[in-house]
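Novice: Reconstruct the complex from the two isolated chains, following the hints.
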Amino acid sequence: MSGTEPVIGIDLGTTNSCVTVVVDGAVHVIPDESGQTLQASIVAFLADGSVVVGNQGRAEIMVDPVNTVYSTKRLIGRAFDSGQVQDAIRALPYAVVRGSEQQPFIEIRGETYAIPEVSGMVLRRMKDLAEHYLGRSVQRAVITVPANFNDTQRQMTALAGELAGLKVLRVINEPTAAALAYGYGHDVNARIAIYDFGGGTFDVTILDVRGHIFEVISTAGDSYLGGDDIDERLIRSMMLAFEQQHGHSLNNNPQAVARLKHVAEKTKIELTQTDRAVVSVQDLASGADGTSLGLKFQLDRDSFGQRCQDIVQRTFLVCDEALRNARLTADDLDHVILVGGSTRMPLVRDMVGQYFGSKPLHDVNPDEVVAVGAAIQGAALAEDHFVENRPQEAALLLDVTPQSLGIASGGEYFELLIEKNTQVPCEGRRVFTTSTDGQTEVRIKVYQGHSEVIAGNVLLGEVELFGLRSAPRGHVQIDVAFEIDTNGMMLVRATDRETGLEQATRILVSAGYTREEIAHMKARAAQ
Amino acid sequence: MNLKGQNLGQMQLNRMKASARCIIFDNGNIPSSTYSALGELNFGLVPSDRLDTCLEQIDQTTRLVVLAGPFDAQVYGDACRRIRCMKFGWSISIYLISKEFEDRTLSARRRTQLDADICLPPSAPSAVISEHLAQSLERRRLLSHHEDIPTGPALTLDRLWDRMQRQDYYDILECSRSSDAAGIRQRFQAIAHIAHPDRHRKWAENNPALKRRISEIYLRLSEIHKVLTHPIKRATYHLCLKSGGSLRYEPSCLATHIRQEIDECETQQGLNAVLQSIDARMDGDWGRACAAMEEALAIEPNNGWLQMRADAVQTVHRLNTQCGEWS
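Line by line, the protein sequences give chains A and X.
Going by the working numbering, 527 is the number at position 527 of the first sequence; the sequence numbering is gapless.
Going by the working numbering, 104 is the number at position 104 of the second sequence; the sequence numbering is gapless.
Isolated chain X, as found in the complex (with noise of 0.2 Å):
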């Protein structure tokens, strides 16, 4: 089977627009594997040859954007950060295909990272593809609920779902990094005012979807709370954050070094003190990062695996300053 947009007629096309459901970017690369598994769910299919055209005709019908390679992350980034800005974007399923999937630690990670629903390679079998568009499709179905909604609600988590995939926690709270943890829980409170599930419990009743996903935003901001409002976590946030890993608080995406060392200090004003120090590093700023190492000895002056950072950031300093003068 074949549906590539030349070989259709331009009536037929326009047919399929009107109860246009899924939009598919082909370059001819989709294996039929994934025509079998789209024809199952009866969708109006609108293919198209240049993803311009083909972000363009999403509207507030569409549930499911495909998007087949060879594109590399910032393509398929750019693309997924477009169509979630749209009005009605997080209820979009997004399906990317592209062989790089294959690796399947890389795939989640996309998907993450994306906010795709589905990355899967062109080999998927099409058993696989129907069971991952079948979850995903439910996972977004919310589109159809906007509806019987009032649109305000809806709009208002529609937009934070959104900012809360490309923003960072400051970002989505509306604050300033200086802001102070009394701040913090001010605009924390004024979100939660609006976003709390106890809020939608009314138009959500009967909705596991629409529930689950009220609860998945509320949870998130819970978390953005709970980091920026304690000392640590939030020092842990800022190096999550420079090194580019995540917009999100993962201690796990910090290089192995920075997690050693954080796992080293025996005392909390140690481990602050020693966060400082990475940050400032992370800035090149070795002279406030030595600073920090000897306030982080100075509480914990018997630990030695710190003393020995602490000497090699010394070292680093000390060079650092000599190429200055040379130069």
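The following block holds chain A by itself, in its conformation from the complex (with noise of 0.2 Å):
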């Protein structure tokens, strides 16, 4: 084993998490105690205090569904009053509550949790898993992320890694990661595009490879869509038949439907694998007579395509965004890779192929193939390429941010700073100005999205001038340097453009905690 300290790669998904290294020049995909290379990205907390996390959780599922925590990351830095936030509260059985202003938590026997902590809790998982593998203590990760994620989701990330006691060294993308997984050391030439369906998010990104630079070229993604819906879809269509079965609704059972929620899964599965399923499931609920009530259910892969048709549908909307801001066609594009586990559905590669007009590539296993890419960047990150003396032979991604970064204007504008599917790190520039006299503070604030008002984008935070020269109105210029670093994350500079001096700023983050409660997290993580 080599001297240098290792970076591992941490897929951390909505469903599934994986971790994986480089070592001496090879990815090695790291398993549990059972040898299973994915671990459910579940925490459940048990009524003796203690907390079991990855693929022991499962089973807590169905016994206590309103202490068992999944899909952390459908609510991870995004503001409570947000329609996501609310639909996933409808969708999830655990208690999620506001806090002082609009960040999250889990409640959980009385105790509350920011989301952060919860995804932590999967990430120090991961890292134990690592340790235990490598034999040695790892400090250092690269984490991934939906390439659609912003600046907050991409901060409470990072902070998640932080609470799991890792040095973050980079958030990537997951098609990003995908792609150098697939081409890294291959001596690709190639514009492919990665189509990324996971469990929560869909993301399409278009990359040119050349070699061992991958440039994104555009990049596009409905953190909304994904693998549940799919799962949602069956979940329905059972207790439909229950209730006509039995005359008997299931929407007040979160236990029957949590059960259920495994039982579509597995049924998902097996209809990759076979044309028909059958599903029998005993005591789902009780009667109003105290008897035992179970579900019958017939299923074969082509209706359920049907039923599912639309879902895989939207994910072309998004593939013709991409397209669109690529300004190319599907014919330009060499190949097309599939990423995610909802890849594996046989209705979504025939689709696919049909869309773009040629075979998917899926040699690369779809679970794994984000988190290698991610350990392939952490390789080359811990690197020092110019004491090796070789730069040309790493691994150098030039990947774009998302969304639209902007500032409101004239009330209900977006005025752009810096425009979607730029290359990072780039920075937007704007002088602001006092509009009274002797005043001594500017407030910004931020917008980051797709609309053009400022009502369809999601506000980030406030960025506050403070301790401005005092001087008469208008008089007090200061250039403001927004950045979006290599992590896709925004940092802010200003400057007097008189005097030439720093300013000082402070960004106040929307969705965010605020200092006291981060402290808090940490000295509970500590523990």
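Simulated from the structure, these hints should not be mistaken for lab results.
Cβ atoms here follow ideal geometry from the backbone N, Cα and C, with glycine treated the same way.
Be aware that a few hints might be false.
[What the hints assert, rightly or not] Below, in silico cross-link-like pairs of lysine-lysine (DSBU-like), each with a Cα-Cα straight-line distance of 35 Å or less: (1) 233(X) with 420(A); (2) 420(A) with 226(X); (3) 202(X) with 226(X); (4) 99(X) with 445(A); (5) 99(X) with 420(A); (6) 445(A) with 167(A); (7) 167(A) with 522(A); (8) 211(X) with 233(X); (9) 211(X) with 522(A); (10) 211(X) with 420(A).
[Claimed, not checked] Computed footprint of chain X on chain A; a stretch qualifies when at least three of its residues, placed anywhere within it, have a C-beta under 8 Å from a C-beta of chain X: (11) 298-312; (12) 494-507.
Specialist: Have a look at this one:
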């Protein structure tokens, strides 16, 4: 084993997570005690106060759904009042509560946990697996996020890593990581599309791969479209069948719904291999007279396909957008690579093949490919290229920012500072001035999104310029540079135009946690 | 306090030279407030009353060069360029003193034009000078790290940064003006390979100032890539170069009437044609300017403003041809 400290790559998924590491140039996908390379992103809080993370937590979903947390990726870095969080709350059996501002918390047995804390527990489990596998301590990691994640979602994911005791070297986009895993070391010269259909998110990224340079041309995504929607469809069908069989609704029975979720997932997987699935669940609920009611349900692949066709079709709207932004058509692409568990479905493969007009490639394991790419990037970042004096051999990622960054202008309009699909790192500048005499503070609301009006975008937070020089209004001119770094996260620098001195800034993140809350999380994580 | 060269014994001067970190050109114009600000920094000061001697003294231990006027922009520009072209040029802070910097906008403009760090009038109070000095030295602190970093990347970045100060985008990328987008991308990628922050992560890890500089270089590089691969931005950049205001893409430095004309266009193709026309006008090629305006009008036939401009260009073209015939 080489002397340098390893950097692990973690794919923190909605449903499953995976950890990998590069040792002496070879990628190892790290298995758990029972040989599984995928870990469920589940944190179960048991009655005795202990916490079970990963595959062992799976069983708890059915036993104790209200105290078992999953799909936190759907909540991370989002505002409590946003439609997405509200939708998620309706679908999730555990309690999500609102913090002092817009930050969501999960309430378990009277105790509240911030979302990054729970994600951090999953990351810690991955870190422990890696340490056990390598037989040494691991401190550094590269974590992947959906390409469409905004600044807050990335910041919170990085915070989760920190709470897990990891130094997060880089937050990289999942499709880009997949491209790296696919192309690195194979001397590929091609224009490829990564079709990443995961448990909770969909992303498509178009890249130019030239030897060791991976240049993203455009990316688009829907962070609320995934395999979960297909499961949801199946659960609805089963609930309807149950109602028809017994004249009894399951709407108010979270335990039964949680069991059906498990069954739906299994049925979906079964239907990728067989043409027909037969579902039989015992003791799903008890009838009015106390008898136990079960469910019998049959489904063939074709009718399953018909029921989910529209969900898959929605992914192509996103693909259209990515192609349009890249000023390309499907014919310009050399390959399409499938990533994410949902692309195992024959329906998805067929429809993707039709859309892009070429047979999609799936020779890489769609569940592990993202984590593998993260580890390759980690290895590239850990190396000192110039000491080795062969910078040309290391992979170089040139990624783009998925959403436009801007500020409010004229009340409701979105003034663009950085356009989406701009290569990162990049910056947008604007000059701000005072509007009253002796004003010492300027506050700037920063938004990210795809819309032309601010209402259609997400408020990232407020940048506060404070301690301004006292002068008549309009005399203090502050040049503010909004930078998006290689992590896709925002940095702000401000200079006083007249004096040329650096101006102090503060960023108040809207769905973020207060300093006290973060300190509390760190203290609890250290225990 | 007066530290003019002729007032110091030769021995004293030699001793100072050994720890020369600050070189001052002083022809009697430097006020005492500057010396008191410099005194706080505990630098070895090497004063000189000839500009050439002063520049010759600069070596790799130099951290600050102070030049006091009265010079015109030309002399200052030459001096700054000479310093920046030196091997470790971009790690040296340059402090220019001149009466004209009492105009603060001019001072800010000169600072970016000349890549100087501080442009202050002689009347600046010593507290202001100290603060500026501290900030600029921090920014240029890279020099002290040259010892513990591999020289390869430092020099590569060094040269790149230097070229970014005094060359246009094409020269920086080392490609021709007629290169197509693919050619420009290729050159960009080749440079990105060595200049990307990821490449320098390891040795810049614990040095925020160095990190900042590396990211500044890369941001500029990516700006160049963005401008040159975008047809409209590229045409606008050509205008910026021709109007002589800047080597960078700064549409705001274009003359007001040009900016107005650009803003009046309603379509991308129309804009492209108008940019071609302005370009031709700057070259004095009124025939081509006319043809391009007609092309723009064909794309935007209902644009009244455009019609007016086209008529004006037409008139100039006609007069121009007539004058040509008469002479």
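Novice: Which hint numbers doesn't this structure obey?
Specialist: The structure breaks hints 4, 5 and 11; every other hint is satisfied.
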